[in-house]
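Trainee: Residues per chain are reported as follows:
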Amino acid sequence: MNVRLKFGAAALIAGLMASTVPAFADFWSDAGAKFKGVTLHGVTESTPPSNYIKDVLAPEFEKKTGIKVEIETTSWDQMYDKAIKDMEAKTGIYDMVYIEQDIIYAYLARNFLVDITKSLKDDPSLKAPDYDESHFTTFANYFKGENGDLFGVPMEAFIKIYLYRKDLFDDPKIKEAFKAKTGKDLAPAKTHEDYTQIAEFFTEYGKANGMDLWGTTAQAHTGHPASWYEFFESVAPTFGVYNWGIDAKNNYAASVANGGTMNSDKSKAALKYWLHLRDIAPPESAASTWTEVASTFAAGRAAQGLVYGENAAWIASDADKSKVVNNVGVALPPVSDGVMADAESGKGYIGYYDGGAFGLPVTSKNKEAALLFLQYIGQDSVQSGWAVAAPRITNTATYEDPGVKDMDAKLGGYYTMLKNDGKLFAGAPPYPFHAQVREATAPIFYRILTGEVGPDEGLDQMADTAEKELKNLGYRK
Amino acid sequence: MQKNNPVLMTLLWILLSLATLFPIYWLFVISVKPAVDLFTTPSIILEKVYWANYAKVLTDTTLRRYMINSLIISSGNALLVTTLAFMACYALSRYNLAGKENIFFWTITNRMAPAAVFLLPFFLLFTQVFAIGDYKLYDTRIGMILLYCTFNLPFAIWTLRPTIDGIPRELDEAATVDGASTWQVIREVVFPLARPGLAVTLILTWVFAWNEFLLAATLTSFNARTITTGLSEYVTTTGTEWGTMASIAIITLIPALIVFTVVQRHIIAGLTFGAVKE
Amino acid sequence: MGSNRTGWLLLAPTLIILGGFGIVPFIYVLWVSFHQWNPFGANPAMIYNGADNFRRLVFDTEFLQSVWFTMQFGFFAVVSEIVIGYLLAQLLMRDFPGKSIFRTIHTLPLIVAPIVVGSVWRLMTTPSIGIIPYYLNHWFGYQMNIGSSATAAFVTTVVMDIWHWTPLVTLTLLAAIVGLPKDPFEQAQIDGANRWQIFWHITLPMIRPAILATVFIRLMDALRTVDEIWMLTGGGPGAATRYVGLHIWKIVFPKTDYGYGSAISVIVLYLTLVMCWLLYVGLVAPRVKRST
Chain A
0 MNVRLKFGAA ALIAGLMAST VPAFADFWSD AGAKFKGVTL HGVTESTPPS
50 NYIKDVLAPE FEKKTGIKVE IETTSWDQMY DKAIKDMEAK TGIYDMVYIE
100 QDIIYAYLAR NFLVDITKSL KDDPSLKAPD YDESHFTTFA NYFKGENGDL
150 FGVPMEAFIK IYLYRKDLFD DPKIKEAFKA KTGKDLAPAK THEDYTQIAE
200 FFTEYGKANG MDLWGTTAQA HTGHPASWYE FFESVAPTFG VYNWGIDAKN
250 NYAASVANGG TMNSDKSKAA LKYWLHLRDI APPESAASTW TEVASTFAAG
300 RAAQGLVYGE NAAWIASDAD KSKVVNNVGV ALPPVSDGVM ADAESGKGYI
350 GYYDGGAFGL PVTSKNKEAA LLFLQYIGQD SVQSGWAVAA PRITNTATYE
400 DPGVKDMDAK LGGYYTMLKN DGKLFAGAPP YPFHAQVREA TAPIFYRILT
450 GEVGPDEGLD QMADTAEKEL KNLGYRK
Chain B
0 MQKNNPVLMT LLWILLSLAT LFPIYWLFVI SVKPAVDLFT TPSIILEKVY
50 WANYAKVLTD TTLRRYMINS LIISSGNALL VTTLAFMACY ALSRYNLAGK
100 ENIFFWTITN RMAPAAVFLL PFFLLFTQVF AIGDYKLYDT RIGMILLYCT
150 FNLPFAIWTL RPTIDGIPRE LDEAATVDGA STWQVIREVV FPLARPGLAV
200 TLILTWVFAW NEFLLAATLT SFNARTITTG LSEYVTTTGT EWGTMASIAI
250 ITLIPALIVF TVVQRHIIAG LTFGAVKE
Chain C
0 MGSNRTGWLL LAPTLIILGG FGIVPFIYVL WVSFHQWNPF GANPAMIYNG
50 ADNFRRLVFD TEFLQSVWFT MQFGFFAVVS EIVIGYLLAQ LLMRDFPGKS
100 IFRTIHTLPL IVAPIVVGSV WRLMTTPSIG IIPYYLNHWF GYQMNIGSSA
150 TAAFVTTVVM DIWHWTPLVT LTLLAAIVGL PKDPFEQAQI DGANRWQIFW
200 HITLPMIRPA ILATVFIRLM DALRTVDEIW MLTGGGPGAA TRYVGLHIWK
250 IVFPKTDYGY GSAISVIVLY LTLVMCWLLY VGLVAPRVKR ST
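Protein chains in written order, with numbering that gives the first Met the number 0: chain A, 0 to 476; chain B, 0 to 277; chain C, 0 to 291.
Because the hints were derived from the structure by calculation, they are not lab data. Just so you know, these numbers come straight off a predicted model, no measurement behind them. Beta carbons: idealized from backbone N, C-alpha and C, even for Gly. Be aware that one or more of the hints could be misleading.
[What the hints assert, rightly or not] Some but not every residue of chain B turned toward chain A, in silico, with C-beta under 10 Å:
| hint | residue |
| --- | --- |
| 1 | F38 |
| 2 | T40 |
| 3 | I44 |
| 4 | A51 |
| 5 | Q127 |
| 6 | Y137 |
| 7 | D138 |
| 8 | R140 |
| 9 | A216 |
| 10 | R224 |
| 11 | Y233 |
| 12 | T237 |
| 13 | E240 |
| 14 | W241 |
Based on the sequences and whatever the hints tell you, model everything.
Mentor: What follows is the structure in structure tokens.
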């Protein structure tokens, strides 16, 4: 076992080395010569894409340049705390920090990050030949400052999509039963009404047939921000409530009274729609974060659901983790009238586009060497191996790779959707107070979930609390 | 002694042990199941064993490093703390020091602090204040050993004090009359009598240091990272890798169990001593 | 006895370490607690705001609720642990076959890291598929859902704490009982005292300092527990298990509200101190008086 594993890893690395373009090796050794003996420190989350950097790209880079790279992987909560403490105290421990799309604006507001575009322009000797900013997908826009310069090299990107069970949706007996019951053909829902109907149908169907099957997933944990995220980033937008219902241009208003939409009728309708789905979802939903939602779907306990793209890959393809391999279909989330038009015109969006990048803290003591490494992981040539090992795409060059195309077929066209419809999705709104407002309002949201507060009243309180917190933070005048 | 039914006692303890062991057994079950089997109807009995989690964990050199760090930090801290607490308790018990009861109470207040907020001053101390040139306490084992004193030293002092107070002063005095120095009294009279208490203190401070998470997560990064922080790495946005986490947890039980068995003997040593004392 | 200088010398290392790592950070936190400071506020600097933070927390229902839940959690967990722990320690004083094995088994929960304990209990209590809810439903028809029932979540946190920390109580009390002289017990038996009388008049007064120390440790640890609860419930459902340690954690980590978080910490520290002081005065002071 031991030997086989090691051999496997060696073969993987050898394969990857062969696939990198050898002509550029010269640039890396020349550029690296200046920084021999330097050790770069990075902090990131322990996810497959980050582990690929740690286990494959960093050692490769070290071999070519002589610059040592140490990547520290931590849990999600720890990562931010460590990076923030380091940058705030100007300690200079880290030369690279993982920046999720939702924290970049906070970092930019504090000038924590180095302008990568400008730095490479100022010192062309550092510019790697196989690195080109313009090759990144539109996701890179989330890491650009007001001047249009890049502040982070995108390393992973996913969309939260509508997953459904192809085997169930294509089952003739089920199709017939559905038709008999509703008079409609069973197909992935395009509207909320359809989605609810399908969910209700499958929950009843599961009960009637003694199956562990429910009609939908719900990421409705009553004490973890995952539920807050599902509502504000994935459900509310499909009802036309964008950016958490906070209007940045209007003095950060959240409540309807002041011009916000957090407690608008649309928002309240969205919440009731979602709470109903939660009620007919599997019982574990009340304790489900993204981890459990993915596990629920992978265990075959839900017929459809909104699932983060980073999980879609293993659900559809890894038999050690999933029972529904090859039975997963992907579709765009159901939306209300007008939302699709909003999304196409750029006024709105239909779901969450998440992911992260590597940024360079201004407090780093090895900025030049770190710039080299950031370019190294942004190169076209390393993307395809990375995409296959850890399903993520941030560079347009990746889509055409045969390995990626293979994977796309297995994932029911997820990559095609990312490529064609990625623009309909959006990341977190550009707020420097992301976590602060989330944490201020989340306790009320949890109370809505437990039923201590009604949904209407709860959203009113949340809008009010959000405004208070924004005032307290000094953003709302 | 009291009446005693060995059969009943054994039965009682078997029941108690089952209750105690169940969550640990379940930890093992999680560690030998593929992720796909965790979200299905549970069954108490394991039908098939899946070792892939262990294969992954045992070949990971980083985890081995974390484990060694944990062993060094918790053993170093437990020994340091027990020694210092023994000295301190002897002083508090035998000397008429001004305000000693207040000092005694003050020590425990150091354990009351909610850790989260104190991480920031610790971070500043470790990176900027306690630094000589390039040498910083941040991310060093010695730093963690010293830091863990903040919660372990008060604990040790408070658990040891009753033991030391319980050792009759007459014994010390007799030895002093016979010409023994303070050091000899401590080593030859008090130490043997305090052994059960010292053993318990050593075990428990070791446990607290071994299990500590928040401080280590913030104040170590590459070199001194401990196994508990390693465990938290498996809680990610892509999902928590329960199986891997559980298999590491099971493996970490082994060194802990060894330490326990070795040190626990000294509690028994105390028991036999009690018999002799009659 | 020897000179006091030797005494201070023996105490010195403890005082130095606790001073450097205890008092200095405390002063820093105290200083921060008089400021408004959120590095991601519109103004990221520290702004002195007097006692505003403290004024704010008096009316902060979330905080007060958290303190109340924490007290309940601490009370139920610690009382159960002391009672069970004491009984087990007494049982371990007797002779029976396989005693050392049982003692080792009983201490096993201690060596499982809290973050792992939280994870295991979370998996054991996942609604409908965790082993505990599954069998409760199967055998008794009881639907246990720690995601929606505040009581279920509260009880689970207490049971988990008892499972994890009773061995600590057993061990510390065992050490105390082992160290007791035998004569008073024999004398009492000769005088015809019953078990209850022996416990109340002889055992309890003699091990009172050890019990007190154990109660202190367990109480203050229960009041600042984070990792286990964070893994198990995240503080939910609603705020039912958002105990004060976790509450502070959420304010300081994700919300980065250092100023207010520091103020809450100072108050929590103060409350814990007062509680322990009252216990200390109530239980130890009479003993000191009697012995003089």
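Trainee: State for each hint whether it applies.
Mentor: Do the hints match the structure? See the list:
no.	hint	verdict
1	F38	4 Å, holds
2	T40	7 Å, holds
3	I44	20 Å, violated
4	A51	7 Å, holds
5	Q127	7 Å, holds
6	Y137	7 Å, holds
7	D138	8 Å, holds
8	R140	16 Å, violated
9	A216	5 Å, holds
10	R224	8 Å, holds
11	Y233	7 Å, holds
12	T237	5 Å, holds
13	E240	9 Å, holds
14	W241	9 Å, holds
Consistency with the previously given hints fails for numbers 3, 8, ordered from lowest to highest.
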